[in-house]
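Start from the sequences and build out the full structure, keeping to the hints where you can.
Taken in sequence, the protein lines are chains A and B. For the first sequence, this note's numbering begins at 254 and goes up steadily by one. For the second sequence, this note's numbering begins at 129 and goes up steadily by one.
Among these hints, one or two may not hold up.
Claimed, not checked - Taking lysine-lysine pairs in the DSBU-like style, the calculated list, with each CA pair at most 30 Å apart, reads: (1) A/K446 - B/K409; (2) B/K360 - A/K446; (3) A/K291 - B/K360; (4) A/K446 - B/K251; (5) B/K360 - A/K426; (6) B/K266 - A/K446; (7) A/K389 - B/K258; (8) B/K360 - A/K389; (9) A/K389 - B/K409.
Worth flagging that the hints you see were computed from the coordinates, not collected in a lab.
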Amino acid sequence: MGMLYDKLMQDYRLREGLNACINCGTCTAVCPAAEFYKYDPRRIVDIVQSGDEEKIEELLRSDVIWYCGECMSCLTRCPRKNAPGLVIMALRSLSIDLGYFIESEKGRQQYLLSRDICGNVLNYGYCVYPRHFDYKSHPEAGRVWEWEEQHMDEVYERLGANLEGGGPGALRKIPDEDLAQLKKIFDLTGATKRMETVKEAGRKKAEELGLTEEEFSAMLYEQSSPKHLNRK
Amino acid sequence: MIYEGKQKIWSDYQKEIPDDHYYYVRSCIRQTFFPASEGALLKITRGILGRDVFENEHHTTCGGIAYHTDTIPHETVMTIVARQFALMHKHGYENYVCSCITSFGIYIETLETWRNFPELEAKIAENLKKTCNLEFAKPKFVVHTSDLIYKLREEIASKAKYKLVNVKTGQPLKVVEHIGCHYSKMFPSKGVGGAEYPYVLAGMVEAWGGEIVDYPERRHCCGFGFRQYLIKANRGYSLSNTHKKFESMEPYEPDFIITNCPGCAYFMDRWQYVIAESQGKTYGENGRGIPVLTYEEVAGLVLGFNPWDLGLQTHQVYVEPLLDKLGIPYEPAKKFLGAKGQDLGCPALPTCLKV
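Here is the structure:
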């Protein structure tokens, strides 16, 4: 097999998630993403299984691999116990490592996800942090969240949380020594490198498009081409 | 139906849930949107039922949302998981209970991967030593907090002050249960009832007097989709999935929805607001929404907790009609007060969704 296929097979998720797909299409039938986007997990698994380097490379540079929601409903229903969702995760990792992700509209959204979520993990020890979940960016969080944001300290106190406090409890401040351990884990296991890859690719893309970082971020957050949608 | 066959399937998905002595880890999403639910879990298990559920400040995110948005490598999340397990071991526990469904899936997936690839487990143990100088250990049992409440459901029922019954009609309340995808879709044998017949929430509802509603899209994803919600440009994916579920459950007129995943509770509450405000469509009675509750909130109500201590004021679909059905008293004037009784104003009202 070729270089890309071999790289994929080094990923344990692919080894666990792909066992002689019979192309029955059950995964596509049950897939929430396939209903919404122009997305067909059956075809993706088929391409990976074929080992066709050209088609795999095309996938890695495409929007298609970014449509999955990783709900893993496909795994439950697959008669061969394959996990197209895990295959997608392996494809996404390789797409990022090779820098191909920046070429697609959906792929380059990793720039924001990496900055915001990894930022939360390293700075606070949580993937989601309420002070960075603002009503302006999340109007769907409702008028009640708007009120919570306006009175965040008081509301969390009322709800028994320990926002940025010492000791245990909801939303406590994670001690610095624990955050330092998370950073060491990031450094040793490739997360820091991945963050840097994504950041640098995003910086170059913004420059290529003649956008400031702020404009580039706004574009990634707000804009979506209708071409992705599986309109019926 | 061949009854013996059903019994056989059911027996395959019985899950052993220890009765006591847990190392407890929180959820990034639950503590952000439903912190009082985590508080209720501890009050019920420790205070009312006398169980040992230990927490300390040193555990962190499991990294699950970072992993499922593909921002960190597989090896990173497995090493964070190893650190969490090591903290459990350090404090003398072997039963691990987590508040988040994404985390639960991550823990089970990691243990399964280590079982299938021992060389990888050895590498992660080495990573843990190098980065945290902690001793590698694996839990004897991993359960979700909804498993623990399921295990204790009859004890809760025996102390109940209210039943899931409409006090005006005497009829059981009709309840939609929504199971987070990562509870059992990946590893059915690790969830009560598996992926096909998950019983973890249905068991609670039945024990507390309610009646479960079956509907076509019962097992459909809420639509979180990680990157599909977190990026605004993708959010239609998330909304569309929730919309599909509500269209499917609407004819059955459920009184409320119970979820075991904090993300699902948030999405099913908030997307009803968005559908109402953008399309004018509502799914509850008289232009209202269908209340969406966490299982801790339901358990707390059954046990007679003050609804505002449970955080029900932070739901966008207001819960007062449900409280009226249950015959649970509440003080409207205290709904939005602070901990010291200070006036914090009130949230602005939606324009279409009736509250």
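Are A/K389 and B/K409 close enough, with their CA atoms no more than 30 Å apart?
-> The hint holds at about 24 Å.
Between A/K446 and B/K409, is the straight-line Cα distance small enough, at 30 Å or below?
-> Not OK: A/K446 and B/K409 at ~47 Å, beyond 30 Å, violated.
Holds or violated: are the alpha carbons of B/K360 and A/K446 at most 30 Å from each other?
-> 26 Å, holds
Take the C-alpha atoms of A/K389 and B/K258, compute the straight-line distance between them, and say whether it is at most 30 Å.
-> With Cα atoms ~42 Å apart, A/K389 and B/K258 exceed 30 Å; violated.
Given the hint that A/K291 pairs with B/K360, does the C-alpha gap stay at or below 30 Å?
-> The hint holds at about 19 Å.
Taken at face value, is the distance from the CA of A/K389 to the CA of B/K360 at most 30 Å?
-> 11 Å, holds
Please work out if B/K360 and A/K426 have their alpha carbons no farther apart than 30 Å.
-> This hinted pair holds, its Cα atoms lying about 28 Å apart.
Quick one, are B/K266 and A/K446 close enough, alpha carbons at most 30 Å?
-> Given pair B/K266, A/K446 holds - Cα atoms ~28 Å apart, limit 30 Å.
Pairwise hint evaluation, B/K251 against A/K446, where the allowed Cα distance is 30 Å at most = Holds, because 19 Å separates the two Cα atoms, which is no more than 30 Å.
In the structure shown, a violation is registered for the earlier hints numbered 1, 7, in ascending order.
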